[in-house]
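J.: Residues per chain, in single letters:
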Amino acid sequence: MLDYEFLLDDFFIALSGVPITLLVTLISLGVSIPVGFIFAIFRLDKSRFWNKIIGVYVSFVRGTPMIVQIFIVYSSIPVLLKSFFVLLQWDTDIYKLNPIWYAFIVFSLNSIAILSEIFRSALIAVHREQLEAAYSVGLSTFQAYREIIIPQLLVVAMPNLCNATTNLIKATSLGYAMSLQEITLRAKVAANANYNYVEAYIAIFLVYLLLCSLVEYGFKHYEKKLRFYKFGTA
Amino acid sequence: MLRIKNVHKSFGKNEVLKGIDLSIDKGDVVVILGASGSGKTTLLRCINFLEKADQGKASFGEVDLDLHQAGKKEIQSVRKKLGFVFQNYNLFHNKTALENVTLGLTVGRKMPREMAEEIGRKALNKVGLSDRYDYYPQQLSGGQQQRVGIARAVALNPDIILFDEPTSALDPELIGEVLGVMKKIAREGTTMLVVTHEMSFAQDVANRVIFMDQGVIVEEGSPREIFSNPKEERTKQFLRRILPEYTYTI
Chain V
1 MLDYEFLLDD FFIALSGVPI TLLVTLISLG VSIPVGFIFA IFRLDKSRFW NKIIGVYVSF
61 VRGTPMIVQI FIVYSSIPVL LKSFFVLLQW DTDIYKLNPI WYAFIVFSLN SIAILSEIFR
121 SALIAVHREQ LEAAYSVGLS TFQAYREIII PQLLVVAMPN LCNATTNLIK ATSLGYAMSL
181 QEITLRAKVA ANANYNYVEA YIAIFLVYLL LCSLVEYGFK HYEKKLRFYK FGTA
Chain U
1 MLRIKNVHKS FGKNEVLKGI DLSIDKGDVV VILGASGSGK TTLLRCINFL EKADQGKASF
61 GEVDLDLHQA GKKEIQSVRK KLGFVFQNYN LFHNKTALEN VTLGLTVGRK MPREMAEEIG
121 RKALNKVGLS DRYDYYPQQL SGGQQQRVGI ARAVALNPDI ILFDEPTSAL DPELIGEVLG
181 VMKKIAREGT TMLVVTHEMS FAQDVANRVI FMDQGVIVEE GSPREIFSNP KEERTKQFLR
241 RILPEYTYTI
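If you read the protein sequences in the order shown, they are chains V and U. In terms of this note's numbering, the first sequence opens at residue 1 and continues consecutively. In terms of this note's numbering, the second sequence opens at residue 1 and continues consecutively.
Don't read these hints as lab results, they were simulated from the structure. What you are looking at is a predicted structure, and each value in this text was computed from that prediction instead of being measured. Take these hints with a grain of salt, some might be off.
Selected chain V positions facing chain U (Cβ under 7 Å, derived; list incomplete) [stated by the list, open to error]:
1. S83
2. V137
3. Y229
Computed spacing ranges between beta-carbons, pair by pair [as the list claims (entries may be wrong)]:
4. V:L80 - U:K72: 52 to 58 Å
5. U:E188 - V:F228: 33 to 39 Å
6. V:F71 - U:Q69: 35 to 41 Å
Below, a list of computed lysine to aspartate or glutamate pairs in the EDC-like style, where the Cα atoms sit at most 20 Å apart [stated by the list, open to error]:
7. U:K73 - V:E132
8. U:K26 - U:E15
9. U:K52 - V:E129
10. U:K52 - V:E223
11. V:K230 - U:D134
12. V:K225 - U:E99
13. U:K81 - V:E223
14. U:K80 - V:E132
15. U:K72 - V:D45
16. U:K122 - U:D159
17. U:K73 - V:D45
18. V:K225 - U:E225
19. U:K80 - V:E129
20. U:K72 - V:E132
21. V:K230 - U:E99
22. U:K18 - U:E232
23. U:K122 - U:D54
24. U:K95 - V:D45
25. U:K72 - V:E129
26. U:K95 - V:E132
27. U:K52 - V:E132
28. U:K95 - V:E129
For every residue, glycine included, the Cβ atom is placed at its ideal position computed from N, Cα and C.
Throw the hints in and build the complete structure from the sequences for me.
T.: Take a look at the structure:
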């Protein structure tokens, strides 16, 4: 039988990990939205060289499991940093660094690749003719993007952005591999004492479901607002 | 007012423009005729720098520039002297009719909003859309959208308005309203360079007709010269093919 009392307790323990999960998600999105957007523009407008480089990067991120990316960053960056610090004769213990910094790096690097592809497809969907129209009335490229391209691009990209965000929230659960104090780790550690793992998994399940549902609702609402100029289409 | 010289443009191996010279004076209404693929649209797009010509010189008023090498600043300043009406309207989807017309003024030219809206409303009234200021493009018919497109070009008070097949994407019953508007602004003395397949417009409104074929200007002259007394065999062939279809009158 399930231990309902523990389930309830563990649910709140899991909830206490939400701020860390959200922080990692928001920082990663904050980094990857502008960078991913610039990458997308580079891939469409600039030289073949950048297109290739970014293409390889995207393939690397898409073609390897998240957990492997975490292990690579978590094990290689400290070594690199340490030799760097030794070189500069800085006396810092790199191994005391909060794992959240590694989480920021891994999840940002990952999201940049995902979002650059989302923005690239959205740019292709609105780009050319609206841009030409903006040029024809004397707007600069920057003004055209600000007034015309980005507002339309967001509408196209919104469903995919929602998808990427919920995927990112769920992916942060892998942060337990670098002992990041997020939802999954906290709830699981609490279950260790009495082996209440089923209860812990149910608690974790519910917290992610709740979190992702809220995010989804938020995106839907925002998308509706952005679509103000579309009529008679779903 | 506008002179272009020796414009060349290729897409890959396909040479679309093979050395075009053209000059337009103030108040001219010049119509370019020609079969599909003759390079009419490409010529217009090169003039407005929507395509980069491989070679060619242009002078706009007293400004001389190279159609291949012009810098960003030069391009933008030339574009501010030209209006462009697109075949498929290309209205800004996320802006109302009035915002479409005023955007080039408020953002492109930093004009105060009230002043721009005053001009924008006048332009929309001129094209007969005084009751559609706050409609989004998706709420307008094709003919109405194209009239907003024309108002958008007119509002900027450009030296020349370039029309790229403005009625080709329209249902036949909507062509008349757009041609009517074009006729009206032509009569007001607007300088226009029009690519079209509407022979009636060329005959009634143009003061000069240019016939293009395979990337060169074959013949040019007054509408009377071109339509009733074409000299070149290629022009004759084209007119024979197209004139039976010409039944539309405004």
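J.: With a cut-off of 20 Å on the C-alpha distance, tell me whether U:K52 and V:E223 pass.
T.: With Cα atoms ~37 Å apart, U:K52 and V:E223 exceed 20 Å; violated.
J.: Hint says 35 to 41 Å; check whether the CB-CB distance for V:F71 and U:Q69 agrees.
T.: violated, 52 Å
J.: Between the alpha carbons of V:K230 and U:D134, is the straight-line distance 20 Å or under?
T.: holds, 14 Å
J.: Any CB of chain U closer than 7 Å to the CB of V:V137?
T.: holds, 3 Å
J.: Check the hint pairing U:K73 with V:E132 against an upper bound of 20 Å on the C-alpha distance.
T.: Since the Cα atoms of U:K73 and V:E132 sit roughly 16 Å apart, the hinted pair holds (cutoff 20 Å).
J.: Taking only the CA atoms, is the gap from U:K122 to U:D159 under or equal to 20 Å?
T.: Holds. U:K122 to U:D159 sits at ~18 Å (cutoff 20 Å).
J.: Mind checking the alpha carbons of U:K26 and U:E15 for me, to see if they're no more than 20 Å apart?
T.: Violated: U:K26 and U:E15 sit about 31 Å apart, past 20 Å.
J.: For the pair we were handed, U:K72 and V:D45, check the Cα-Cα distance against 20 Å.
T.: Between U:K72 and V:D45 the Cα gap is close to 15 Å, so the pair holds against 20 Å.
J.: Verify the CB-CB distance for V:L80 and U:K72 against the hinted window 52 to 58 Å.
T.: violated, 41 Å
J.: Check the hint pairing U:K95 with V:E129 against an upper bound of 20 Å on the C-alpha distance.
T.: holds, 15 Å
J.: U:K122 and U:D54: Cα distance at most 20 Å?
T.: Violated, at about 39 Å.
J.: Can V:Y229 be said to touch chain U, with a Cβ gap under 7 Å?
T.: holds, 5 Å
Of the numbered hints stated above, those contradicted by the structure are hints 1, 4, 6, 8, 10, 13, 18, 23 and 24, listed in ascending order.
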